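S.K.: Turn these sequences into a full structure, and let the hints steer you where they fit.
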Amino acid sequence: MHSLSRLPASLRGAFLLAALCAAPGFSQDEAAPAEDLPLAGFTAEQAEAGELAYRQSCLSCHGSNLNNGTFGPPLKGRPFREDFFDVPASVLFAYVTNAMPPNAPGSLQHSAYAGIIAYIMQENGIEAGDTPLPSNAEELQELLLARPE
Amino acid sequence: MPHMEENSGGITLKTFRKSAILAACLACSALIHPGLAMAQFVMPGEPDERSLEILAEREAYLGQITPVDDALLQNPPAEDWLNWRRTLDGHADSPLDSITPDNVGGLQLAWSWALNDGPSYAPPLVHDGVMFVYNFGDRVQALDARNGDLLWTYNHQLPDGTVVAGTNFARKSMAIYGENLLTMTSDLRLVGLNMQTGEVAFDVQLADPADQFAYNGALTIANGVAIIGMTGCGAGQAGGCFILGADASTGEEMWRFNTVARPDEPGGETWNDLPLDQRYGGSVWGGATYDPELDLVYIGVGQPYPWNAEVRGTSPAVGGEDGEGNSLLYTNSTLAFHPQTGELAWHYQHVANDSLDMDYAFERTIVDLDVDGETRRLVVTSSKLAIFEALDAETGEFVFARDMGIQNVITDIDPETGAKTFNMDLIAGPGQTTEFCPHAGGARSFPATAYHAETQTLYIPMQEHCARYEPLEVDPEDGYPGAAVSWAVLPYRNADGETQETVGRLEALNLGNLETEWVNRPRSPQSTGVLLTGGGVLFEGSMDRYFTAYAMDSGDLLWETRLGDIPNSFPITYEADGRQYIAVITGGGGPFAATWGGMMPDILLPPQQGSEVYVFALPEPRD
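These protein sequence lines map, in sequence, to chains A and B.
0 is the number of the first residue of the first sequence in numbering that gives the first Met the number 0; add one for each residue after it.
0 is the number of the first residue of the second sequence in numbering that gives the first Met the number 0; add one for each residue after it.
By construction, these hints were calculated from the structure, which means they are not laboratory data.
Be a bit skeptical, because a hint or two may be false.
To be verified - For each label pair, taking beta carbons as the anchor points, the in silico distance ranges come out as: (1) E453/B x H109/A: 54 to 64 Å; (2) G124/A x T432/B: 44 to 54 Å; (3) L38/A x R561/B: 44 to 54 Å; (4) A209/B x H109/A: 28 to 38 Å; (5) E138/A x G404/B: 46 to 56 Å; (6) L556/B x G128/A: 54 to 64 Å; (7) V518/B x L38/A: 26 to 36 Å; (8) G267/B x T130/A: 46 to 56 Å.
To be verified - Quick partial rundown of chain B residues pointing at chain A, CB under 8 Å, derived from the structure: (9) G231; (10) L471; (11) P606.
Keep in mind it's a predicted model, so treat the numbers as computed, not measured.
We put the CB at the ideal spot given by N, CA and C, even for glycine.
M.R.: Structure below.
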């Protein structure tokens, strides 16, 4: 079960904000245990589109390699995976759609946010497949964002 | 074809003629190749006689632009704005005095001009009645400063696949030298454009963007040398950033100085025995100032990377004690160079082995002050900590410090040396969390101070806020981790633990006695540098999209207007045809919007980062 207390301090406020917005990603207490959920996947096309969206909206803070940002925290590696993996994919989706990019939260198309998450998954070692990552919280809540093998 | 330059003009008479010739040539080729229909190449319209007259008038107006030499840069005409802070000493104090506290309330929009959307910090530069503007994404335009008519455009051609986004595509200023307007491009070329035509005079590759270096500084010309600092050096460039001097007449590199000391060079012993490929940081992302009498150019260097000393391996100190062995030269330092040779005359490190991203990267204001009965030339600067420090301009000797009282991490400043003592309880280790003030967005950031020499008053734009930091426990197998801190920006808490509802702070500080003359605390963070004018009116912008005039002597609010996005260029004033204008560029995005939004979600901004030049003047009948 995902625990807010495990999130970095900086994320908790945004999560509370997201909860206030009644983002479906936060009603997971009533859902099945996360580890029993089917795995979230994505397509290579999604990741490719997501990389472009990342470069346009995220790279400036998080860096060209996702872990070399001059201002924002890394989006791959152990600390990031501890916060956002092994929980429903809706958690990361709720976070990025409510808080990112910081100058205009929620300003991207939901399909672009899904693409960015697909790109982040790929950069964290998950391989692309045939099933696209959904771009709505309800469906993502039923999928596990699992760490790579 | 990468790096191909073109002047794709507003339609000037010259470009119109070029197009007509092109159309004629294509028509000829159609005759040679009968399969091509001539109709494909017919021009889309025939200009009327009046438009040809107007185009000729504009060409003549451009033709009256005169060259700019070092003497003019050192003593610019009141009408012009030739340098990012008008004068090379960084004062941003114009003698123009038509706009006064009594009449500024009548200020109106004279004209505006839309630019490429994006963060836009570079001030318009004005010379001989022509305004030069930098557009996000490497477009440069010349405009008639009286009315905003487009005179020419230069579209720099970026390498294939370039995604134009982020602050690395913003500039803090172009520069003017000789017959040319100089700009650094996003692919790290120094381009000189003829001010009269926009045609490329020189175009020199100075660094490789593939190495993730970037340029978002303020180009400064000192004694014929363009001073250029590289930034982006938190992105994993082993060996850090550098400053280079380039011939302002040709663009050719003259010298280069590494801001991260090499192991076998002076200062190389200050990196805690780390090999060069594990030394990161030292970005240079501000502009320089220049003292022609001492022939010294002053520029600041940012902090080391990753942010936290323990994460990056510079604490604990090898040998057990913090000291010279892990001060990390030349991070968080003021550097003084002779511009023609690149010889380092002196350096002064303000903070050693930084863990907080406090960035001593901002302007070095050159002032003359009486110190203990003796007039001394000083260089005044502050990092994000908002502690203003004065150094002897000739020697770099520490003279004094004035803490603006926002930060709470430094408990003592040695009055003789300026050495700072940190409250180490507030410096977290990996996996730990601490709260302190200010956040890395800065109690002040690159929006520059302005200085009125007559009253020895420094006008300072600031923000009051605090931070929560959690340095990340990174795994070396994951490679270089960037900043490697998870952070939150927090409302400011005073010494009694009470939070306040305001963030912005604009203060007039007398450098002669270090007393505050006045202080305003608007709710919104400040977002532009300060502009001072001879009429006694100060101009400043804020993140809530207001552009505001205050009385320099009292801080009283005199006039305000609301713009389409964040005013974020350095504001300027100039005169054309005897009329004084005030100009500022909006742009949004950038580090401010990325930082303060979480703390002030009520300040909502257009997502497209709308960039536009706004020019204001007192009402005048239209011809």
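S.K.: Are the hints correct? Go through all of them and say.
M.R.: Each hint tested on the structure:
1. E453/B x H109/A: 54 to 64 Å: 57 Å, holds
2. G124/A x T432/B: 44 to 54 Å: 28 Å, violated
3. L38/A x R561/B: 44 to 54 Å: 49 Å, holds
4. A209/B x H109/A: 28 to 38 Å: Given about 33 Å between the Cβ atoms, the range holds.
5. E138/A x G404/B: 46 to 56 Å: 52 Å, holds
6. L556/B x G128/A: 54 to 64 Å: 60 Å, holds
7. V518/B x L38/A: 26 to 36 Å: 57 Å, violated
8. G267/B x T130/A: 46 to 56 Å: Roughly 53 Å apart at Cβ, these two residues keep to the hinted range, so it holds.
9. G231: This interface hint holds because 7 Å falls under the 8 Å limit.
10. L471: 4 Å, holds
11. P606: 3 Å, holds
In terms of the numbered hints stated before, the structure departs from hints 2, 7, listed from lowest to highest.
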